[in-house]
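The task is simple: from the sequences and hints, build the whole structure.
The numbering of the sequence shown is this note's numbering, which starts it at 156 and goes up by one.
A portion of the hints provided could be inaccurate.
[Unchecked claim] Computed cross-link-like contacts, BS3-like style, restricted to lysine-lysine with a CA-CA straight-line distance of at most 30 Å: (1) Lys269 - Lys185; (2) Lys249 - Lys179; (3) Lys218 - Lys168; (4) Lys194 - Lys180; (5) Lys160 - Lys179; (6) Lys179 - Lys252; (7) Lys197 - Lys179; (8) Lys194 - Lys173; (9) Lys252 - Lys168; (10) Lys289 - Lys179; (11) Lys289 - Lys194; (12) Lys289 - Lys185; (13) Lys249 - Lys168; (14) Lys180 - Lys218; (15) Lys160 - Lys173; (16) Lys289 - Lys252.
[Stated by the list, open to error] DEER-style ranges, computed between Cβ atoms: (17) Glu212 - Gln162: 31 to 41 Å; (18) Glu164 - Asp250: 22 to 32 Å; (19) Arg246 - Leu302: 23 to 33 Å; (20) Lys210 - Glu296: 16 to 26 Å; (21) Lys218 - Glu164: 22 to 32 Å; (22) Leu184 - Arg245: 36 to 46 Å.
FYI, nobody ran anything at the bench for these hints, they're computed from the structure. Cβ atoms here follow ideal geometry from the backbone N, Cα and C, with glycine treated the same way.
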Amino acid sequence: MEFLKGQREEEAKGWLLKATEVAKKALCLKAKCGAVIVKEGKIIGEGYTAPPLDKEENRVCGKDFPPGKPKYDRTCCVHAEWRAVFDALRRNSKDVKGATIYFSRVDENGGVEKSGQPLCTVCSRMVLDVGIEKFVLWHEEGIAEYLAAEFNLLSYEYKHII
Numbered sequence: 156m157e158f159l160k161g162q163r164e165e166e167a168k169g170w171l172l173k174a175t176e177v178a179k180k181a182l183c184l185k186a187k188c189g190a191v192i193v194k195e196g197k198i199i200g201e202g203y204t205a206p207p208l209d210k211e212e213n214r215v216c217g218k219d220f221p222p223g224k225p226k227y228d229r230t231c232c233v234h235a236e237w238r239a240v241f242d243a244l245r246r247n248s249k250d251v252k253g254a255t256i257y258f259s260r261v262d263e264n265g266g267v268e269k270s271g272q273p274l275c276t277v278c279s280r281m282v283l284d285v286g287i288e289k290f291v292l293w294h295e296e297g298i299a300e301y302l303a304a305e306f307n308l309l310s311y312e313y314k315h316i317i
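Listed below in structure tokens is the structure:
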């Protein structure tokens with residue numbers, strides 16, 4: 156992981172703000188997240204958290220699930236990162252190899268909510284598997300760029316502290 160500085164930080168900030176705008180479209184009741192995938196200076200995919208097909212009838216938030224059902228399997232929403240990957244593959248590019256994904260979350264007022272540590276193993280595996288090279292998050296300490304393989308390993312090491 157590397158905290159970006161100078162021109163690289165400013166460029167990443169611009170893409171993260173684009174991801175923030177995408178996050179404002181989110182239909183998720185729990186988290187308003189957005190992601191953009193950038194290659195060669197252009198957005199090739201974008202996504203936001205929402206139930207499948209953006210349909211409320213596909214929402215299962217708040218329903219009771221059987222004991223032991225993992226947390227990741229109790230969400231009804233498609234993650235922003237997944238949608239961005241699907242979008243890139245659908246619309247214009249089977250070649251996402253070497254691209255960078257920028258992830259942002261917005262608070263209840265539409266402002267940027269800084270990211271925690273890498274934690275979603277499903278997102279990290281998907282990004283790694285399609286060949287996206289880098290994952291960028293905006294932490295309290297600054298804008299951090301992770302190689303996808305590193306991000307994947309860190310997501311497995313994440314421990315939620317209650």
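Note to self: Run through the hints listed earlier and report the numbers of any the structure violates, in increasing order.
What the structure shows: Hints 3, 17, 20, 21 and 22 contradicted; others consistent.
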